[in-house]
Every structure is written in structure tokens, then in C-alpha cells.
Amino acid sequence: MDCKAASNLVSGWLDGKLVRGEAAFLQHLSGCRACDLEVSELQAVLAALRENSFAVPAAPDGFAGRVTERLQTETLCRGSSHLLFRKFALVASFLFLLGMNSLLVSRYLGKQNQAALPPVLTPASDLVTEPAPPEPVPDPAKQPKLPAPGGQEGPPAQNVAEPVAGPVPEVPGRAAESPPLPPAKQQEVKRQLGVAFLPPGIIPDPEVFVQQRRVTEGVLLKVAVAELPLASQRLEEAAGAQGLTPLLASEVLAEDGRLIKLYRYEVPYLQAGRFVAETLKLGRVLEERRMKEDVSDVYGEKLEQYRQLAARAQEAEGPEAEELHLMINALLLDLAGMHSTSKDMKAVTIWLES
Amino acid sequence: MEAVSRLVCRAQKRDLVAFEQLVLIYQDRVYALARHLAGNPLDAEDLAQEVFVRAYRSIHTFRGESDFGTWLHRIAVNLWLNSRRKAAVAVVSLDEPVTTRDGTLQREVSTLEGEPESLLLGRELNELLQRALEGLPKEQQAVLVLRELQDHTYEEMARILNCSLGTVRSRLSRAREGLRKAVSKRAGELGVRLAAKDEPCAAEGAKGRPVRF
Numbered sequence: 001m002d003c004k005a006a007s008n009l010v011s012g013w014l015d016g017k018l019v020r021g022e023a024a025f026l027q028h029l030s031g032c033r034a035c036d037l038e039v040s041e042l043q044a045v046l047a048a049l050r051e052n053s054f055a056v057p058a059a060p061d062g063f064a065g066r067v068t069e070r071l072q073t074e075t076l077c078r079g080s081s082h083l084l085f086r087k088f089a090l091v092a093s094f095l096f097l098l099g100m101n102s103l104l105v106s107r108y109l110g111k112q113n114q115a116a117l118p119p120v121l122t123p124a125s126d127l128v129t130e131p132a133p134p135e136p137v138p139d140p141a142k143q144p145k146l147p148a149p150g151g152q153e154g155p156p157a158q159n160v161a162e163p164v165a166g167p168v169p170e171v172p173g174r175a176a177e178s179p180p181l182p183p184a185k186q187q188e189v190k191r192q193l194g195v196a197f198l199p200p201g202i203i204p205d206p207e208v209f210v211q212q213r214r215v216t217e218g219v220l221l222k223v224a225v226a227e228l229p230l231a232s233q234r235l236e237e238a239a240g241a242q243g244l245t246p247l248l249a250s251e252v253l254a255e256d257g258r259l260i261k262l263y264r265y266e267v268p269y270l271q272a273g274r275f276v277a278e279t280l281k282l283g284r285v286l287e288e289r290r291m292k293e294d295v296s297d298v299y300g301e302k303l304e305q306y307r308q309l310a311a312r313a314q315e316a317e318g319p320e321a322e323e324l325h326l327m328i329n330a331l332l333l334d335l336a337g338m339h340s341t342s343k344d345m346k347a348v349t350i351w352l353e354s
Numbered sequence: 355m356e357a358v359s360r361l362v363c364r365a366q367k368r369d370l371v372a373f374e375q376l377v378l379i380y381q382d383r384v385y386a387l388a389r390h391l392a393g394n395p396l397d398a399e400d401l402a403q404e405v406f407v408r409a410y411r412s413i414h415t416f417r418g419e420s421d422f423g424t425w426l427h428r429i430a431v432n433l434w435l436n437s438r439r440k441a442a443v444a445v446v447s448l449d450e451p452v453t454t455r456d457g458t459l460q461r462e463v464s465t466l467e468g469e470p471e472s473l474l475l476g477r478e479l480n481e482l483l484q485r486a487l488e489g490l491p492k493e494q495q496a497v498l499v500l501r502e503l504q505d506h507t508y509e510e511m512a513r514i515l516n517c518s519l520g521t522v523r524s525r526l527s528r529a530r531e532g533l534r535k536a537v538s539k540r541a542g543e544l545g546v547r548l549a550a551k552d553e554p555c556a557a558e559g560a561k562g563r564p565v566r567f
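Sequence lines, in order, name chains A and B.
The first sequence begins at 1 in this note's numbering and counts up by one.
The second sequence begins at 355 in this note's numbering and counts up by one.
These are computed hints drawn from the structure, not numbers from a lab.
Some clues are possibly wrong.
[Unchecked claim] Now the stretches of chain B that chain A is said to cover, found in silico as 3 or more residues with beta-carbon under 8 Å: (1) 377-386; (2) 405-419; (3) 491-503; (4) 516-528.
Built from N, CA and C at the ideal position, the CB exists for glycine as well.
Next up, chain A with everything else stripped away, as it sits in the complex (with noise of 0.2 Å):
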């Protein structure tokens, strides 16, 4: 055996995989001292890389967390191939803030019931000539089903303490027309509005709302189908059985040919996970993503726009007080379908293509 050949096999014999040409290549170390003194120095340097790096720490406390986290925030939106869905999510998004919206369209613009509309700006007639009695802060503690708009930092009662002062904002040819609302319906507008806890007849000032944290959450999910028209069949099924209409059911045409089907629904908060699951079991989930924003500085510029309109309204006259009073019901209605999703509705967006 040569120096060439023992070299090659120096590797393999560290690693006790040298069987049959181990005697020959111990045979050759011990006549070439120039060979044997390599392999010397090679096992004493990979000795010494052993002894430098035998201790290696263990993860980083909090690193399975990390990871976890980083899976449910991670955007969807990764590689080129994802432009289309890039697209998709940043219209979402909007949607996300936008769509909730159309819930509440449906429940009063669809009825045709605007006088559903203005009972925040008109409250029951008897109440504009009487103003409410002297019962500025309510007790949550009377009202413990309805909900406190905001949560997080607790009802505003204080900022509330006076009835709004003056003349109520009213909107011109339409309060005549519209009766007032029976107590109970009154109540669920304002629950929707997030002013439940207002005793009857007070005017919530919107100044009282722009402190209010309020957060949306949402879900966003790709899921790749074996056929699309039996797992959308199958998503409107689950989604009935739960008492889920969708507000959104569109079909979308990739770049790339393929159909794309979006589904939006609005969840109840606590029913959003099994719903979630059920859409889970349609095929193979691409992607996952939870949305939560704070919409308090919208909400609150929202507010903002509605206190100038309704000033605005209470001296225009004819065409402008109409377009003003549009402008309004729009507010509202954004401002309703806002506290909802920052309080008992998740939106869930679905993605199927197949």
C-alpha cells in the first residue's frame, strides 16, 4: 500500500468502517512515519474540535413560544407566488374593516327599515319635548347582558353624566316620517351600536367613544380543495347548520386560470373557533392567518365626522340636508358594524381553490 491509497482510507478507518484493509493500512502507518504522524495530527484535531464544542446549551428559554408565534402571525403573503393572494389579502383587509359593515346594511338598508337608523340622533319623539330624567350614570350592574362599548377600559359612564344639551340633531323630513321604535328594538340598536348601557332617551355624545379601544379580529384562510363546487357545497352546509349566512360569496379568476372561490362570514365570537374548524377539515390548509386591528382611531375619527355632519344637519335645508343625512346613516352604520367585530363578531374570510 502506497501513501496515496493509506490516505484515502484514513477517514473510513476513524469511523471503524475499515473491515478488510485494516491490517494493511496499520501496516503501512507503521513503516511511514510521515503517514502515521498525519493521522496523529488529524485525530488530535478533531479531538480538539470535539473537546470545543462538546457543551452545547440547550434552546433559548421561550423558543417553542417564539416558534408558535411566529406560525400564527406569519404573513401569507410569502414568494412571488403568492401575488395573486398578496393582492387578495391586502383587499381583505379592507374588507376586513369595510365588510363587516355590510351585516348591518343587510339587517336595516335590506329591511327598508331606515327608521332603525337614526334613533341614536332621534331618539323617541316624546323624549325630544321631555328631556331624560336626572339619571346620568347607569349601573352596569342593572344592565349585566349588555355589553359596555370598548370592554378593556370599562364603560365611560362618567363622561356621559349629562344629557346632551339642546336641540336634538334631528333629520329634516325624516323623523316625521319615521315612528318611534318600540323599547325593545331600541335597545338592540343601540346594543349594536355599542351605547347600550345609556339609559332611555340619552343622546350619546360622540365625543364620549374616541377613547374607546376597540380591537377586530379576524381569520383568513387558503385552502386547497379536491373539488371545488362539492367543498363549497360543503362549506355552505357547515356554515348553515351553524346559523351562518356568508356576506361575501364571490368567484375569482387567478392570473394563472384557476378558480378561486371567497367566502366572508361574520361569526360569533365564540362560535368562531368551531366554525373554524369545520372549514379546517375541507382540505389542505396552505395558509392560516389571524388578523386583530385596532380600529379605535378610526372609530373615533368616524365619531369625529359624525358630530360635525349631525351640527351640520340640524341647520341645512332640502337637497343637502339629504345628502348630510346619507352621510350620517353611512357613519352609523360604520361605526355599528365596528363595534360589533371589536366585541362579539369574528370575520372569517375562506380562500378554496382547487
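Position chain B against the provided structure of chain A, taking the given hints into account.
Only chain B this time, still in chain A's reference frame:
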């Protein structure tokens, strides 16, 4: 392993709780490999996190034909090999305290005994080894880490590196020889010997017996 299989099955159905259990089971092994490959704690954590994130994303492709830990190591090595950064193979500093779940321990250095002229100071030795390793091609660094620091078998290495046993053998052989030459050259420049002349030669010594500098 049955428990691991069950967790993998659940994770394949996007059960994040099950996957977190898998992370807890394998995090130390993956982190150790990442630490050896990446060179410092921060890069190691990034690499290790990325391994698990990639694993979760593609867990549906795991068929259970190999050990789940081996699969994770494969992801780790591939990620590291594909990273653009010139990552240094970590030879843990002798001066660096070891942080474990039980607290921080000062490393006890007890290997540097023997003839004074054959010794390198701990820090110098550490730097010498690290530079020698960094000078090797990344594929060779990876194979050395897997074999010398992670004690993987040839078969496991073949699965992790997605290559044949023959390739593992030849790559490891080249890596070891490359490391020896680099260290020897550097040691020569520093005027130290790698092996004492009066130590038993390799042929007489027991196989794998650690030989000190």
C-alpha cells in the same frame, strides 16, 4: 416514537398545539445543530426557528420514512447551505459560559494538560480551529459538523444531505483532510506542534483515542 408519529399526524392536520409539542421535543437537538452551523446564538436561533417554520409549512410532505429529527436536521442543513451569508461553524468558545435550563455554568477546561510547548492557549486554539473550518467549503463544514459534533451515522448523513453513502464517505474524508491541513499550517505559523513526538503513533494507539495538542 409512536407518540411522535401521532403528533406528526395531528400537525399534518394543522394542529398547532401538536406541532408545538414536536418543537419542544426536538428544539434542543435542532438548536444544537443550528448553533454549530450558524456560529453565534442569535443566528442559531434564527436558523432553528426557520427550520420549524419551514417544517410546519411542509409537514404534509413528511411521509414518516425517516426519523422526524433527521428530517428536521435535513431542513436545517439545507437552509444553512443555501443561506447567502458566510456563516462560521461554531466552535464554542472555551471562555463562554454555558447557559442551560438550570442556569449559567462556567465551562471547565481540563483538556489542556501536557507538555507546555505542545499547548495552545484555549482562545488561540479555538480561533485556530474556527478559522480552519471557515476556510472549508460549506458542504465540508456541514459534513464535519454532522459527524464530529452531532455524531450522526453515515446513513443518517446521507439522508440529511440527500446524497449517497459514497458521497458522504468521500466528502467527509476530504473535509477531515482539509481541516487537518489548515490547522497544521496555522499551527506551523504559530510554532506549535499538533501532536507530541513522543506520543504513541496512530498505529499503536487505540482507535479514536483523543490526542491532545
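Do at least three Cβ atoms from the stretch 377-386 of chain B come closer than 8 Å to Cβ atoms of chain A? holds (count 7)
Three-residue Cβ test at 8 Å for the coverage of the stretch 491-503 of chain B by chain A: holds (count 4)
With a cut-off of 8 Å between beta carbons, are at least three residues of the stretch 405-419 of chain B near chain A? holds (count 4)
Annotated coverage of the stretch 516-528 of chain B by chain A, confirmed only when three residues or more have a Cβ within 8 Å: Since 3 is at least three, the answer is holds.
No hint from the list above goes unmet by this structure.
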